[in-house]
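Those protein sequence lines, which keep their order, are chains A and B.
Straight run, no breaks: the first sequence in our numbering ends on number 348.
Straight run, no breaks: the second sequence in our numbering ends on number 192.
One thing to keep in mind: the hints can contain errors.
To be verified - Take a look, some chain B residues computed to stay more than 12 Å from chain A by CB distance:
#, residue
1, 37
2, 57
3, 135
4, 167
As the list claims (entries may be wrong) - Simulated restraints, written as ranges between beta carbons of each label pair:
#, chain 1, residue 1, chain 2, residue 2, range
5, A, 158, B, 163, 35 to 43 Å
6, A, 205, B, 167, 53 to 61 Å
7, B, 165, A, 137, 35 to 43 Å
8, B, 69, A, 166, 38 to 46 Å
Hints were generated in silico from the structure; no laboratory data involved.
As the structure is a prediction and not an experimental result, all values here were calculated from the model.
Where is the CB? At the ideal position from N, CA and C, for every residue including glycine.
Chain by chain, the residues:
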Amino acid sequence: MSGHEELIKEALVLQASRAPSGERVLSVVRQPVSRRPLVLTGVVALVIAIAVGIPFALRPSTPDPATFPAAAAAGSKLKYGATWLPDGFRERFRASDTDGWGQVRKWANGPMTISLGVNSTRNPMWTDAAANIESGYDKVDIGGVTASYSRIDGGAKLTWIPEPGTVLLLTLRDVPDMRTVAVEVAGSVRPDGISSISTGLEFGRLPVGLASTSMQLSGVSPETGAGEIVASGGMTTLTASLSREPARVDGQAVVVRGRQGVYAAPVKDLGGFSDGVLAVELDGGRWLVLRSPQVMSAAGEQLPTPLGSSDLVAVADSLTVSDTPDHSWIGTR
Amino acid sequence: MSLGFEEFVALRLDALLRYATVLTCDPHLAEDVVQEVLLRAQQRWPRIGEMDAPAAYVKRMVTNEYLSWRRRRAAREVAASKAMLDAVGPVVPDRTGEYDERDAMLSRIAQLPRKQRSAIVLRYYENCTDAEIAAVLGCGEGTVRSHLSRGVANLRAGELQRPASTVEGK
Numbered sequence: 016m017s018g019h020e021e022l023i024k025e026a027l028v029l030q031a032s033r034a035p036s037g038e039r040v041l042s043v044v045r046q047p048v049s050r051r052p053l054v055l056t057g058v059v060a061l062v063i064a065i066a067v068g069i070p071f072a073l074r075p076s077t078p079d080p081a082t083f084p085a086a087a088a089a090g091s092k093l094k095y096g097a098t099w100l101p102d103g104f105r106e107r108f109r110a111s112d113t114d115g116w117g118q119v120r121k122w123a124n125g126p127m128t129i130s131l132g133v134n135s136t137r138n139p140m141w142t143d144a145a146a147n148i149e150s151g152y153d154k155v156d157i158g159g160v161t162a163s164y165s166r167i168d169g170g171a172k173l174t175w176i177p178e179p180g181t182v183l184l185l186t187l188r189d190v191p192d193m194r195t196v197a198v199e200v201a202g203s204v205r206p207d208g209i210s211s212i213s214t215g216l217e218f219g220r221l222p223v224g225l226a227s228t229s230m231q232l233s234g235v236s237p238e239t240g241a242g243e244i245v246a247s248g249g250m251t252t253l254t255a256s257l258s259r260e261p262a263r264v265d266g267q268a269v270v271v272r273g274r275q276g277v278y279a280a281p282v283k284d285l286g287g288f289s290d291g292v293l294a295v296e297l298d299g300g301r302w303l304v305l306r307s308p309q310v311m312s313a314a315g316e317q318l319p320t321p322l323g324s325s326d327l328v329a330v331a332d333s334l335t336v337s338d339t340p341d342h343s344w345i346g347t348r
Numbered sequence: 023m024s025l026g027f028e029e030f031v032a033l034r035l036d037a038l039l040r041y042a043t044v045l046t047c048d049p050h051l052a053e054d055v056v057q058e059v060l061l062r063a064q065q066r067w068p069r070i071g072e073m074d075a076p077a078a079y080v081k082r083m084v085t086n087e088y089l090s091w092r093r094r095r096a097a098r099e100v101a102a103s104k105a106m107l108d109a110v111g112p113v114v115p116d117r118t119g120e121y122d123e124r125d126a127m128l129s130r131i132a133q134l135p136r137k138q139r140s141a142i143v144l145r146y147y148e149n150c151t152d153a154e155i156a157a158v159l160g161c162g163e164g165t166v167r168s169h170l171s172r173g174v175a176n177l178r179a180g181e182l183q184r185p186a187s188t189v190e191g192k
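I would like the entire structure built from these sequences, with the hints used as guidance.
Here it is as C-alpha cells:
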C-alpha cells in the first residue's frame, strides 16, 4: 500500500472516531412508536459529537489486518453479577465482546427476564451516562450510588455507575412489581471476576481481515448449553457454534477435522438472507457449525459469499475445541 | 436464547455509528441512517434476533440504507468543510502535520462522487475486495476498479493542488 493509500486509510479511521454518541438513537428506539420523532436534530448531535472525539481514535470498528491475532481467547471473565434474584429465575445467557466490555448476563423465569449489561464509558453510547443519570426523572440510591430508573416498552431499566469508567444497565421484562425488584436486584450486584463464559471454542487461523469480536453461551440447562464465537471484519462475519443440537444441513460432503462433514452453499431464504454453512458431528454427540452470512447488495440481490467451503473448512480445522467447557452455571441462580 | 433487541443495541450501536460515519462522511446523517435501520430492525427483531449473525445483517441494512438514502440527501450531502470537521472533531490542539493531512484528506474524500467515495470507504476502511464492493454497490467489478482508480486519482490530484502554505506547514 502506497503512502497515499495509507493516508486515505488513516483519514477514514480518524473519521470513524468522530462518530456521534448513540444516546439520541437509543432514546428514539426505546420510545413507544407514537412518540418517535422522524429525524434527529443536528445541534445536539453536534455537541455530542464534539464530546466524543479522541478516545475512539484508537478503536476503529475494523482493526488493521496486520494486527489481527492468530487466535482468540476461548473464554472471558464476567465483571459483575447479581447475588439476589426473585424466586424462580435461572441464568441462561452470557455474552461478551472479546475485549471484555459489552457484557450481558440474562436470567429468566418463563417469559420474565432480567438482564445485566456491563459497558464502558469509553463507548460513545455511554459517554454521557453520568449526566443522563443525574438528569433522570426517577433517581434511586443503589449502595450509595445514584441510579436512574425508567420504564421502557414492556419493562424497565436501571442505570448506574458503580465505579469510574463502568456503566451497569439492568433491564427487566414482564416482571411484576418492576421498580421494587429492579432496585433489589441492583442492590445485590457485586463485582464478579470469577464467573466466565466458556464457549468450548477458540479460533486458530482466521482469514485475512477477520478478528475475533465476541462470544456467548446460552441454554436452559448444562446439557443444552450452546457456545458461540464470532469473528468479523469488513463486510464479512464468521460464526462458530458448538452444541448438542444436531445440525440439519443438506449439502456436499467435505472432510472437516478428519471427519465427514457437510457444506451447504448460501441459499436465499424467505427473508432474503442466506448463509454458507459447514457442519460436522464431533465426539460425544456435539455438533460444530460454522456460518458465514451472505452479503446482500443494495437491491437485495444474492451475491457471492465472501467465505467459501475451503475457507470454512480451514477455520474449522484450526479451531481449538474443548471437551469440557464449563456449562455448570446454566439454569442455576 | 437469542439476544434481545435492547442487548443487541447496547453491544453494537457504537460500531454501527462508526461505520455509518465513515460511510456518510457526516456524523449527523450517520445518526439518521442508523436510527432508521434500528427502528426497522426492531420491528423485525423476532426474526432477525433468531439469525445466526444479527450484527452482520444489521450492518448490511445500514449499508443499504445509505446507498438508497434519498429523503435528506440533497440537504445533507455537502462537502465537509475544514470548519465542520474541526467542529465535530476532538477538541485538542492541532499539533502535528499528520493531523492536518488526515483532515485535508477527509475533506477531499467528502467531495468525491458518492459511488467513488463508497468504493474508497469499502476498500480502505472495511478492507473489502473488489467483488465485495461490487456486491454492495450493485455494479460490476470492472466498475468498482474504475471507481477506485478515479477516486484515488482525484484524491491524489487534490493533494497536489493544496496551497503551498499547507504543504510547507507540514
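Against the structure, the hints:
Not every Cβ of chain A is farther than 12 Å from the Cβ of residue 37/B; the closest lies at roughly 4 Å, contradicting the non-interface assignment. Not every Cβ of chain A is farther than 12 Å from the Cβ of residue 57/B; the closest lies at roughly 5 Å, contradicting the non-interface assignment. No beta-carbon of chain A comes within 12 Å of the beta-carbon of residue 135/B; the shortest separation is about 16 Å. Even its closest Cβ contact with chain A, about 15 Å, leaves residue 167/B beyond 12 Å, as expected for a residue assigned away from the interface.
A beta carbon spacing of about 59 Å between residue 158/A and residue 163/B contradicts the range 35 to 43 Å that was offered as a hint. For the hinted restraint 53 to 61 Å between residue 205/A and residue 167/B, the CB-CB distance of approximately 57 Å keeps it satisfied. Our hint of 35 to 43 Å for residue 165/B and residue 137/A holds, since their Cβ atoms are close to 39 Å apart. The beta-carbon spacing between residue 69/B and residue 166/A, approximately 26 Å, falls outside the hinted interval of 38 to 46 Å.
The structure fails hints 1, 2, 5, 8 (numbered hints given earlier, in ascending order).
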